[in-house]
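Undergrad: Here's the letter readout for the chains.
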Amino acid sequence: MKKILPFLIILAVLGVALGSAWYMQRSSSESPKPSSTTPANTATSSSPSTTAPVASNAVPGAEPAHKLGPDSAPVHLEEFGDYQCPPCGIFHPILQEMKRQFGDQLQVTFREFPLAPAHEHAIAAASAAEAAGLQGKFWEMHDLLYEHQKDWKDAFDVRPIFEGYAKQIGINVDRYKQDVDSEQVARRITQDGNRGHSLGVKGTPTVFMNGREVPFESLPADKLRVLIQLELSTTAR
Amino acid sequence: MKGAVDTQLSDSTPERHWVYIIVACLSLVGLADAIYLTIEHITGRSVQCTIIAGCSEVLSSSYAVISGIPVAMIGAVAYFTVFSLAILYLFGYKFTQLLLLVLVGGMFIATLWFLYLQALVIKAYCQFCLISAAITILMAIFLFLVPRFLRKKM
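Line order of the protein sequences matches chains A and B. At position 106 of the first sequence (counting the first as 1) the number is 469 in the working numbering, and the numbers step up by one without a gap. At position 97 of the second sequence (counting the first as 1) the number is 320 in the working numbering, and the numbers step up by one without a gap.
No lab work stands behind these hints, which were simulated from the structure alone. Where hints are given, some of them may not hold.
Within a straight-line C-alpha distance of at most 35 Å, the following computed DSBU-like cross-link-like pairs (lysine-lysine) qualify [to be verified]: (1) A/LYS430 x A/LYS565; (2) B/LYS346 x A/LYS462; (3) A/LYS500 x A/LYS430; (4) A/LYS540 x A/LYS565; (5) B/LYS346 x A/LYS540; (6) A/LYS500 x A/LYS530; (7) A/LYS586 x A/LYS430; (8) B/LYS346 x A/LYS565; (9) B/LYS317 x B/LYS375; (10) A/LYS513 x B/LYS346; (11) A/LYS365 x B/LYS375; (12) A/LYS462 x A/LYS430; (13) A/LYS500 x A/LYS586; (14) A/LYS365 x B/LYS317; (15) A/LYS513 x A/LYS530; (16) A/LYS530 x B/LYS346; (17) A/LYS513 x A/LYS500; (18) A/LYS462 x A/LYS513; (19) A/LYS366 x B/LYS375; (20) A/LYS540 x A/LYS513; (21) A/LYS586 x A/LYS462; (22) B/LYS346 x A/LYS500; (23) B/LYS346 x A/LYS516; (24) B/LYS317 x A/LYS366; (25) A/LYS586 x B/LYS346.
What follows is a set of in silico ranges between Cβ atoms, one per label pair, in the way DEER data are often shown [as the list claims (entries may be wrong)]: (26) B/TYR286 x A/ILE532: 34 to 44 Å; (27) B/CYS248 x A/ALA549: 43 to 53 Å; (28) B/GLY329 x A/GLN547: 50 to 60 Å.
Here are some, though not all, of the chain A residues that point toward chain B, as calculated from beta-carbon distances under 10 Å [what the hints assert, rightly or not]: (29) LEU368; (30) PRO369; (31) PHE370; (32) ILE372; (33) ILE373; (34) VAL376; (35) LEU377; (36) LEU381; (37) SER383; (38) ALA384; (39) MET387; (40) GLN388.
The beta carbon of each residue, even a glycine, is placed where N, CA and C say it ideally should be.
Looking at chain A on its own, in the form it has when it is part of the complex (with noise of 0.2 Å):
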């Protein structure tokens, strides 16, 4: 028995490592997909939850939100973002893609989901954003915040740069930097920030569509294309 034992706690080890990893990587898979993942889902069945309320317990996030797209949309498309984040940089592309695309059939929201401290710059990113957003030109500066990224998050100091950002827009650079620091972006920020936290949002890109989040695996192009499509189709009928 003893020359078997140490192979038996060994083989142990091997099953009970074996069986934990199926089992994170089986749950970590199906939990968050929603029921139109595959189209041959759709065939079969209705989607009931395509038209369910946002969790009732989420608050609203800054009013009013910066969003594209008329409100009649049958696709509504909700990102929680953070300029400093990489994966937030490649899907920024994406969602205007969507949104060449699909028209007037979507409409996009963002909500500024700084990851500080982790990203240093994140917050600062955020507030020119907001303050661009008050002079009427938050998506030209939210685009070249994402499509900048690499040049500013290993900055020492961004401020300049996105005052630079601000000027190449075209808005009042003086009254920017009054509002980048005001009372008022901060608290936008804050109010985004606390409905992605009543929403369960854990990082970034976090995306719903009409109210339900849309899973990390599914934001490529490609498949999130598919998605947008079903949901269009489930929600015509």
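Fit chain B to the known structure of chain A by using the hints.
TA: Chain B in isolation, oriented as in the chain A frame:
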């Protein structure tokens, strides 16, 4: 170095056994940590930025994969091997000691390399990668330094 190993091989006193029990326990923690990181890597959730800082940059970097195999998975196999060798040693298979020293030595060097990458190249730390680094360093201390200290005392 070879001589030191040989003398350790010959005098496997009961006092030394607890070193291997500790190493076996540490390797189990390391195994759990490495499995978690492997799953994070494979499911792609690792690519997301999370409130727990850093993991995204580290696990999604090009250094997280060696010829197509996630580093975390290699780590899981290494920790499992350490556990197996330590258990075998405790049950009297003394030849495993040398293998264990070589393996943990290699893991220690790999850990230093990954710490360097995180600190100076990727410039981001990953919490669970740091836990793994701490475990490997502890294992190395228990295998290489503690027996020496014990021998001096005796």
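Undergrad: Next step is simple, just say for each hint if it's right about the structure.
TA: Hints versus structure:
1. A/LYS430 x A/LYS565: holds (22 Å)
2. B/LYS346 x A/LYS462: holds (34 Å)
3. A/LYS500 x A/LYS430: holds (12 Å)
4. A/LYS540 x A/LYS565: Holds: A/LYS540 and A/LYS565 sit about 31 Å apart, inside 35 Å.
5. B/LYS346 x A/LYS540: holds (30 Å)
6. A/LYS500 x A/LYS530: At roughly 11 Å apart (the allowed maximum being 35 Å), A/LYS530 and A/LYS500 satisfy the hint.
7. A/LYS586 x A/LYS430: It holds: about 23 Å lies between the C-alpha atoms, which stays within 35 Å.
8. B/LYS346 x A/LYS565: holds (22 Å)
9. B/LYS317 x B/LYS375: holds (22 Å)
10. A/LYS513 x B/LYS346: holds (14 Å)
11. A/LYS365 x B/LYS375: holds (33 Å)
12. A/LYS462 x A/LYS430: holds (12 Å)
13. A/LYS500 x A/LYS586: OK: A/LYS500 and A/LYS586 at ~30 Å, within 35 Å.
14. A/LYS365 x B/LYS317: Holds. A/LYS365 to B/LYS317 sits at ~15 Å (cutoff 35 Å).
15. A/LYS513 x A/LYS530: holds (19 Å)
16. A/LYS530 x B/LYS346: holds (31 Å)
17. A/LYS513 x A/LYS500: holds (22 Å)
18. A/LYS462 x A/LYS513: holds (24 Å)
19. A/LYS366 x B/LYS375: holds (33 Å)
20. A/LYS540 x A/LYS513: Satisfied, since the Cα-Cα distance of roughly 23 Å is no more than 35 Å.
21. A/LYS586 x A/LYS462: Judged against 35 Å, a Cα distance of about 15 Å means the pair holds.
22. B/LYS346 x A/LYS500: The hint holds at about 33 Å.
23. B/LYS346 x A/LYS516: holds (12 Å)
24. B/LYS317 x A/LYS366: With a Cα-Cα distance of about 14 Å, the restraint between B/LYS317 and A/LYS366 holds, given a limit of 35 Å.
25. A/LYS586 x B/LYS346: holds (31 Å)
26. B/TYR286 x A/ILE532: 34 to 44 Å: Given a distance of about 37 Å, which is inside 34 to 44 Å, the answer is holds.
27. B/CYS248 x A/ALA549: 43 to 53 Å: holds (48 Å)
28. B/GLY329 x A/GLN547: 50 to 60 Å: Because 57 Å falls inside the window, the suggested range holds.
29. LEU368: holds (7 Å)
30. PRO369: A/PRO369 check passes; min Cβ-Cβ to chain B is 4 Å, inside 10 Å.
31. PHE370: Result: holds, 8 Å to nearest chain B Cβ.
32. ILE372: With Cβ-Cβ at 5 Å, under 10 Å, it holds.
33. ILE373: Since the shortest Cβ distance to chain B is 5 Å, the answer is holds.
34. VAL376: With Cβ-Cβ at 6 Å, under 10 Å, it holds.
35. LEU377: Holds, about 7 Å.
36. LEU381: holds (9 Å)
37. SER383: holds (6 Å)
38. ALA384: Cβ of A/ALA384 sits 5 Å from chain B, so the hint holds.
39. MET387: Result: holds, 5 Å to nearest chain B Cβ.
40. GLN388: This hint holds: A/GLN388 lies near chain B, its Cβ roughly 5 Å from the closest one there, short of 10 Å.
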